[in-house]
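Undergrad: The lines below spell out each chain.
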Amino acid sequence: MKISDIKALLNADVVCGEENLGHDVFSACGSDMMSDVLAYVKDQAVLLTGLVNSQVIRTAEMMDMVCIVFVRSKKPTADMIELARESGIVLMTTEKRMYEACGLLYKSGLVGNGVHHE
Amino acid sequence: MKRAVCFIRAGSSETEFIMSESLRFHFDVNGQSFTSAGQASVQVKKNLRELGIPAEAIRRVSIAMYEGEINMVIHAHGGEADVIVYEDRIVIILNDHGPGIPNIELAMKEGYSTAPDNIRSLGFGAGMGLPNMKRYTDDMKIETELGKGTCITMTVKF
Ligand SMILES: Nc1ncnc2c1ncn2[C@@H]1O[C@H](COP(=O)(O)OP(=O)(O)O)[C@@H](O)[C@H]1O
Ligand SMILES: [Mg+2]
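Chains A and B are the protein sequences, given in the same order.
Under our numbering, residues 1 to 118 are what the first sequence spells out, in order.
Under our numbering, residues 1001 to 1158 are what the second sequence spells out, in order.
For reference, chain A alone in the conformation it holds in the complex (with noise of 0.2 angstroms):
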């Protein structure tokens, strides 16, 4: 799956980093919980969250995701949109509510392939 195909399937709109929505994406986890992310390895993911901080930045770039949606309509802050570009990654926001959105993403072959790295 491309992120176009995310912002298209969550009716999402960007925020940043429209150069790389032709990146593709093999994974998605979505939590509110940063350490839970952290606990969770996979290449080229996208983050789903309700959570609005700078840390939902560096969490995402410690991890190599690629991509941050913000759901239930949360809005990054200006500081977090500038982290983001630093390090290429894309933001969208999207109405639907975490649920919602983590269930249209899966519905579609998103799967989340959650592994503890051992």
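Hints in this document: simulated from the structure, not taken from any laboratory.
Glycine included, every Cβ here is placed at the ideal spot set by N, Cα and C.
Hints are not guaranteed to be accurate.
[To be verified] Pairs of lysine to any residue, SDA-like flavour, derived with a Cα cap of 20 angstroms: (1) B:1046 with A:86; (2) A:42 with B:1059; (3) B:1134 with A:40; (4) B:1046 with A:7; (5) A:7 with A:50; (6) A:74 with A:52.
[Said to hold, decoys possible] Derived coverage of chain B by chain A (criterion: at least 3 residues anywhere in the stretch with Cβ under 8 angstroms from a Cβ of chain A; other residues may be distant): (7) 1040-1047; (8) 1070-1084; (9) 1091-1099.
[To be verified] Distance windows between CB atoms, simulated: (10) B:1051 with A:8: 32 to 40 angstroms; (11) A:82 with B:1049: 14 to 22 angstroms; (12) B:1143 with A:2: 41 to 49 angstroms; (13) B:1087 with A:79: 33 to 41 angstroms; (14) B:1148 with A:108: 50 to 58 angstroms; (15) A:73 with B:1104: 36 to 44 angstroms; (16) B:1148 with A:11: 25 to 33 angstroms; (17) B:1120 with A:112: 42 to 50 angstroms; (18) B:1089 with A:73: 44 to 52 angstroms.
Fit chain B with the ligands to the given chain A structure using the hints.
TA: Chain B with the ligands only, in chain A's frame:
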């Protein structure tokens, strides 16, 4: 350790090149600001990329250091972080002057946390930090003294 011949500046960190033996990055971690917590880890990630360290090793260092850096800010009023790059491994040393950890075995348990609710609402305090640090590194040593502070040394081999 043989001492440096050349000094280079990398972002806000001081980078000291110690001839053929190792490369060291040093950071002061500000304990007053949750918003800036993690800056050192972001910088280390950039530096390691520039050095051409394998991506998987960089990710393991990044995650372990980031969890440790957040812990220093939320549990220990900040401290210092040092990252030393050797030919085959990276050593991360996180040193703080916080309250210390009364029971390391308990602190290492998944889900155990003393973080207050306001920290949880910021996305941390799930009690997964120390277990994540252990999981992502090849070696982790915790030295702690109540009322004095904590020093965590982690090694990632590549
Ligand atoms: N640097 C530190 N100084 C003092 N206490 C710490 C430190 N790091 C961790 N702890 C203690 O260990 C517990 C578990 O840490 P961790 O697994 O990172 O979970 P969390 O940070 O989510 O609480 C913390 O809640 C805290 O009580
Ligand atoms: Mg922690």
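Undergrad: Next step is simple, just say for each hint if it's right about the structure.
TA: Evaluation of the provided hints:
Distance check on the hinted pair: residue 1046 of chain B and residue 86 of chain A sit about 11 angstroms apart at the alpha-carbon level, within 20 angstroms; holds. Taking the CA atoms of residue 42 of chain A and residue 1059 of chain B, the gap is near 11 angstroms; set against the 20 angstroms cutoff, the hint holds. A threshold of 20 angstroms between alpha carbons decides the hint, and for residue 1134 of chain B with residue 40 of chain A the separation of about 14 angstroms falls inside it, so the pair holds. Only pairs whose Cα atoms come within 20 angstroms are accepted, and residue 1046 of chain B paired with residue 7 of chain A is rejected, the gap being roughly 29 angstroms.
For the proposed pair residue 7 of chain A and residue 50 of chain A, the alpha carbon gap of about 16 angstroms is at most 20 angstroms, so the pair holds. Straight-line distance between C-alpha atoms of residue 74 of chain A and residue 52 of chain A comes to about 7 angstroms, which keeps the hinted pair within the 20 angstroms bound. Counting residues of the segment 1040-1047 of chain B whose C-beta lies closer than 8 angstroms to any C-beta of chain A gives 3; at least three are required, and the coverage claim holds. Counting residues of the segment 1070-1084 of chain B whose C-beta sits closer than 8 angstroms to any C-beta of chain A gives 1, which falls short of three, so the coverage hint is violated.
Judged by the Cβ-Cβ criterion of 8 angstroms, the segment 1091-1099 of chain B is not covered by chain A as claimed, because only 0 of its residues qualify and three are needed. For residue 1051 of chain B and residue 8 of chain A, the hinted distance range of 32 to 40 angstroms is satisfied, since their beta carbons lie about 39 angstroms from each other. The hint said 14 to 22 angstroms for the Cβ distance between residue 82 of chain A and residue 1049 of chain B, and at roughly 19 angstroms that hint holds. At roughly 47 angstroms, the beta carbons of residue 1143 of chain B and residue 2 of chain A sit within the given window of 41 to 49 angstroms.
Distance hint check: the CB atoms of residue 1087 of chain B and residue 79 of chain A are about 37 angstroms apart, consistent with the given range 33 to 41 angstroms. In this structure, residue 1148 of chain B and residue 108 of chain A meet the distance hint of 50 to 58 angstroms, their C-beta atoms being roughly 53 angstroms apart. The given range of 36 to 44 angstroms is respected by residue 73 of chain A and residue 1104 of chain B, whose C-beta atoms sit roughly 43 angstroms from each other. In this structure, residue 1148 of chain B and residue 11 of chain A break the distance hint of 25 to 33 angstroms, their C-beta atoms being roughly 54 angstroms apart.
For residue 1120 of chain B and residue 112 of chain A, the Cβ-Cβ distance of about 23 angstroms falls outside the hinted range of 42 to 50 angstroms, so the restraint is violated. Between residue 1089 of chain B and residue 73 of chain A the CB atoms are about 45 angstroms apart, so this pair conforms to the stated range of 44 to 52 angstroms.
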